[in-house]
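Enquirer: Sequence:
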Amino acid sequence: MQFSTIIGHQETKQLLLKSVQQNHVAHAQLFLGQEGSANLALALAYATYINCENKQPDDSCGTCNSCVKMNKLVHPDFNFVMPVTTTKSVSKDALSNKFMNEWREFVLASPYQGLNEWMQHIGAENKQGNISKDESRQLVKLVSLKAFEGAYKIVVIWLPELMHSSAANALLKLLEEPPAQTLFLLVSQSAEKLLATITSRTQIMKVRNFTEQEVVDYLQQKYNSDDTTANQIAQLAEGNLNAAAKLTSEISSDYFMFFTEWMRHCYSYKFGELIDMSDRFQTLGRENQKNFLLYALNLFRKVMLFGVDGSLISFLPPAELDFVQKFSKVITEANAGQLAEELNQAHYHIERNANPKMVFVDSSIQIAGYLRKS
405 MQFSTIIGHQ ETKQLLLKSV QQNHVAHAQL FLGQEGSANL ALALAYATYI NCENKQPDDS
465 CGTCNSCVKM NKLVHPDFNF VMPVTTTKSV SKDALSNKFM NEWREFVLAS PYQGLNEWMQ
525 HIGAENKQGN ISKDESRQLV KLVSLKAFEG AYKIVVIWLP ELMHSSAANA LLKLLEEPPA
585 QTLFLLVSQS AEKLLATITS RTQIMKVRNF TEQEVVDYLQ QKYNSDDTTA NQIAQLAEGN
645 LNAAAKLTSE ISSDYFMFFT EWMRHCYSYK FGELIDMSDR FQTLGRENQK NFLLYALNLF
705 RKVMLFGVDG SLISFLPPAE LDFVQKFSKV ITEANAGQLA EELNQAHYHI ERNANPKMVF
765 VDSSIQIAGY LRKS
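For the sequence shown, the numbering used here begins at 405 and goes up steadily by one.
Don't take each hint at face value.
Below, simulated DSS-like cross-link-like pairs (lysine-lysine); rule was C-alpha separation at most 27 Å, straight line [as the list claims (entries may be wrong)]:
(1) Lys-473 - Lys-545
(2) Lys-492 - Lys-422
(3) Lys-531 - Lys-492
(4) Lys-650 - Lys-476
(5) Lys-577 - Lys-626
(6) Lys-550 - Lys-537
(7) Lys-473 - Lys-550
(8) Lys-674 - Lys-610
(9) Lys-531 - Lys-597
(10) Lys-459 - Lys-537
(11) Lys-674 - Lys-550
(12) Lys-531 - Lys-459
Think of the hints as simulated: they come from the structure by calculation, not from any bench.
Just so you know, these numbers come straight off a predicted model, no measurement behind them.
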């Protein structure tokens, strides 16, 4: 993977590039970010750049022998440890090296996926994955070997917080006395679950969530999403590209248009139109109903923020910004909390299989009353 394939994160990319260019590469680094962030992608791009034979100022060359192998995840000096469990194909002694084909498929499809997707990919069913104590012996053997081709032997440990205590202690010993020319890149979502002694021996690289605009750019580039859909997914995904990818197959209507129409009818007390809208709401399907209400909550939060200070809204498409500006005038301290709670309750009831039409009509009546309190 190359840095150019990762949307945004220019500030982090520059830090990683400079560490190599100035020969300040720490032997153990912790890429810390939430699920759906660029932590794994950045670790992969960093590893590719480190062993690149023809480094460019802003990226690996992508064409040398090392880059070609790294980009296919088949470089002999590029190794992975990840949570696994027994499956139908691996009925005992589940170790990372027995799942390398599946891992390559998984990461090359998208480096933004989470643990649940990985467990499904290897056919783990309802089992939980971990990095077992037996994995620690394999890790010690692995790093005892010298690099075959590259300047460094690189070990990427994905979700080290899921390590068995024996494996974690073995890793700690390796970090305390690191083998020559060996780099450990830990990719974690929950540093607080790691041994404090491991965290203290790593250089921490905090990876922020993607911005809404970065999510929009990603969806348009990878899925050819139109502006409306991409913007609505970006607001729901909250910087998580894994969630954004799933939402591309779930959103089937224009949430913004539906929400603005809903609020206008509520404000005008047009209950006949609201009854008609409840029929349309019912046809959306359960997942779309939940996603719509989450979108409504997100947009409503921005309305409240705009009412406090317009500069708090970092990004909104022009049409939504125009609505937010106007709608913020009817949101006050008297009704803001009640409106937010009503939307939360509607989502709660839909999630628990309440009748969608009844939920929508009841919420509409409540919201109409609260809007008149402005």
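Enquirer: Run every hint past the structure and note whether it holds.
Expert: Hint check:
| no. | hint | in the structure |
| --- | --- | --- |
| 1 | Lys-473 - Lys-545 | 22 Å, holds |
| 2 | Lys-492 - Lys-422 | 45 Å, violated |
| 3 | Lys-531 - Lys-492 | 12 Å, holds |
| 4 | Lys-650 - Lys-476 | 25 Å, holds |
| 5 | Lys-577 - Lys-626 | 42 Å, violated |
| 6 | Lys-550 - Lys-537 | 23 Å, holds |
| 7 | Lys-473 - Lys-550 | 18 Å, holds |
| 8 | Lys-674 - Lys-610 | 50 Å, violated |
| 9 | Lys-531 - Lys-597 | 20 Å, holds |
| 10 | Lys-459 - Lys-537 | 37 Å, violated |
| 11 | Lys-674 - Lys-550 | 75 Å, violated |
| 12 | Lys-531 - Lys-459 | 42 Å, violated |
Checked against the numbered hints given earlier, the structure breaks hints 2, 5, 8, 10, 11, 12 and satisfies all the rest.
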